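Listed below, chain by chain, are the residues.
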Amino acid sequence: MSQAAQRSRYVLKRLLQAVPVVVAIVVVNFFLLQLAEGDAVDVLAGEAGSATPEYMAQLREKFGLDKPLLVQLGVYMKNMLTFDLGYSFRHDMPVAQLVLDRLMPTLLLMVSTITLAVGFGIVLGLIAASNLNKWRDNIISVFALVSYATPLFWVGLMMIVVFSLKLRWFPTSGMENVAMFYEGWDRVKDIAHHLVMPTLTLSLFYLALYTRLMRASMLEQASMDYVTTARAKGLTERRIVFVHILRNALLPVVTMAGVQVGSLIGGSVIVESVFAWPGLGMLAFEALFSRDLNLLLGIFLLSALLVVAINLVVDLLYSFLDPRIEVG
Amino acid sequence: MAFWRRFCRNRSAVIGLVILCLVILIAISASWLYPEDPFKLVGRAMSPPGENGFLFGSDTLGRDVAAGMAHGARVSLLIGLLATSVAVTLGVVLGALAGYFGGWIDDVLMRLTEMFQTIPSFIFAILIVAIMKPSINSVVLAIAVVSWPAVARLVRGEFMSMRNREFVQACHIIGMSDWRIMIREILPNCLSPIIVTGSLMVATAILIESGLAFLGLGDPNIISWGFQIGAGRTVLRSAWWVCTFPGIAIMLTVLAINLVGEGLNDALNPRLRERT
Numbered sequence: 001m002s003q004a005a006q007r008s009r010y011v012l013k014r015l016l017q018a019v020p021v022v023v024a025i026v027v028v029n030f031f032l033l034q035l036a037e038g039d040a041v042d043v044l045a046g047e048a049g050s051a052t053p054e055y056m057a058q059l060r061e062k063f064g065l066d067k068p069l070l071v072q073l074g075v076y077m078k079n080m081l082t083f084d085l086g087y088s089f090r091h092d093m094p095v096a097q098l099v100l101d102r103l104m105p106t107l108l109l110m111v112s113t114i115t116l117a118v119g120f121g122i123v124l125g126l127i128a129a130s131n132l133n134k135w136r137d138n139i140i141s142v143f144a145l146v147s148y149a150t151p152l153f154w155v156g157l158m159m160i161v162v163f164s165l166k167l168r169w170f171p172t173s174g175m176e177n178v179a180m181f182y183e184g185w186d187r188v189k190d191i192a193h194h195l196v197m198p199t200l201t202l203s204l205f206y207l208a209l210y211t212r213l214m215r216a217s218m219l220e221q222a223s224m225d226y227v228t229t230a231r232a233k234g235l236t237e238r239r240i241v242f243v244h245i246l247r248n249a250l251l252p253v254v255t256m257a258g259v260q261v262g263s264l265i266g267g268s269v270i271v272e273s274v275f276a277w278p279g280l281g282m283l284a285f286e287a288l289f290s291r292d293l294n295l296l297l298g299i300f301l302l303s304a305l306l307v308v309a310i311n312l313v314v315d316l317l318y319s320f321l322d323p324r325i326e327v328g
Numbered sequence: 001m002a003f004w005r006r007f008c009r010n011r012s013a014v015i016g017l018v019i020l021c022l023v024i025l026i027a028i029s030a031s032w033l034y035p036e037d038p039f040k041l042v043g044r045a046m047s048p049p050g051e052n053g054f055l056f057g058s059d060t061l062g063r064d065v066a067a068g069m070a071h072g073a074r075v076s077l078l079i080g081l082l083a084t085s086v087a088v089t090l091g092v093v094l095g096a097l098a099g100y101f102g103g104w105i106d107d108v109l110m111r112l113t114e115m116f117q118t119i120p121s122f123i124f125a126i127l128i129v130a131i132m133k134p135s136i137n138s139v140v141l142a143i144a145v146v147s148w149p150a151v152a153r154l155v156r157g158e159f160m161s162m163r164n165r166e167f168v169q170a171c172h173i174i175g176m177s178d179w180r181i182m183i184r185e186i187l188p189n190c191l192s193p194i195i196v197t198g199s200l201m202v203a204t205a206i207l208i209e210s211g212l213a214f215l216g217l218g219d220p221n222i223i224s225w226g227f228q229i230g231a232g233r234t235v236l237r238s239a240w241w242v243c244t245f246p247g248i249a250i251m252l253t254v255l256a257i258n259l260v261g262e263g264l265n266d267a268l269n270p271r272l273r274e275r276t
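So the sequence lines, in the order shown, correspond to chains E and B. Start counting the first sequence at 1; every next residue gets the next number (my numbering). Start counting the second sequence at 1; every next residue gets the next number (my numbering).
One chain only, chain E, in its complex shape (with noise of 0.2 Å):
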């Protein structure tokens, strides 16, 4: 069989191993809906202020709530195929939408915090695990630690008392000036003077990650009989360290960096509420006062779509780098 032929019979396995999770996911979601006090009718009912029984038990009819408890689980995801998310009553919008129109300023922010964190992760590990137990390395370790144990949402809270109000820097909350009309790159340039402080806290914790992952990574690679070849061969050591351990040792990082996807959607929804960035974690919050549960669970159930759609494309990824991994 061809190469091409064996990656796409791969990426093929991949996907068909992704359904059951995803139906798993919506039948999850379709239970912690019916554990929910009071279902579409009452919030619709409590929506219009009032309604008799009789209407109330109409309604329930339409909307088949008065089917048996499968019947509606078919129902519900034959909704979800379709996407059909269906209907948040607070901003009168179908949920898909509004979830939709939140999804590209996270993934700006999942982009730049995943870019920061790696890059800087791997830097920063390299860096520790070349002055082994020196200061430096015990500095990057204590800062690691420090970062590990630090809630995202009081960082950010911090850098916005230091960076924006004491300093003025940066601004406090928001992704653009809207009320300045900037077009075309200086919105561009207002957006990204916008992004930085949300990044910088998002990308703490796992830039902390990263770089003990690296730096563990690293040491491990160093103790490798190749690397005992290569100086035997009489390569000098800044080659070793840049092109024989560095490649091997990454692998690890990027494993992880797909496993880690999951978690990073949670933190947002904190770094979001802190920074007011018109993302799906301040969407999460906005829910989460306005009582609206339709919406929070369509944001669980892309958030959810989206970590199995990163984890597919990390594992593709980690195919091409590393050629051992078995593609057929």
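One or more of the hints may lead you astray.
[To be verified] Listed next, the stretches of chain E that the computed footprint assigns to chain B, with coverage defined by at least 3 CB atoms under 8 Å from CB atoms of chain B:
#: 1; stretch: 126-134
#: 2; stretch: 148-160
#: 3; stretch: 222-231
#: 4; stretch: 239-251
#: 5; stretch: 285-299
The hints are simulated quantities; they were obtained by calculation from the structure and are not laboratory data. On a predicted model such as this, the values are computed, not experimentally measured, just so you know. Where a beta carbon is used, it is the ideal one built from N, C-alpha and C, also for glycine.
Fit chain B to the given chain E structure using the hints.
Chain B only, in chain E's frame:
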């Protein structure tokens, strides 16, 4: 004691233990240090730290930040311990079943574990608390539900590696029941990694709890560090101390527990060095 000596060899673990003991001491003596209800308005609002008799200042309504922190220490430790015990129990039971019996039980339980590891855990926790209404019970349950998979995987691995050992085969031969073998024979042999993972989970649980409380999902009747920070964020501009000190408390506590956890790791099983 050999264990204690090995623990003390790790200097940072000892520092962690000292900090942790201080936090526990403050939590225990909270109602003696600050007998008043921490929600009570006790003085001038927005007093800076050190003024009007407030060690860490007062908040927008004139509540004592330091009193809230002392009482909050109880909540954080309590929820951290409770959530971890529930999660560890759940994880040990499921992991032990999967690892000991293997076959389809293992398949089903591992798929379940994988699914729980895939879904974004913090959002899942938010959903659970929001649906069940915020209370200590719902917060504990939510944290436990999102943190058991790590324990289950660990215990499964341990049980799998032990189930074919000679001492287990010997137990089979003398006619011991599966339950007895699992609980009396195998479980005690994999206690140390469980203790290490559990201790680190307490730290994570405290962080999750503070995040939930910050978003307004804490039990409304008890004060907690996350709640204090969440309530103080609106006055960040004029009263930075309301948010700052409870945050430092969270950081120190979590740091201390992490250090103790790593010390336990070194002391209990020198093999398992890397924490993932």
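Quick check: which numbered hints come out false for this structure? Going through the list in order, the structure violates hints 1, 3, 4 and respects the others.
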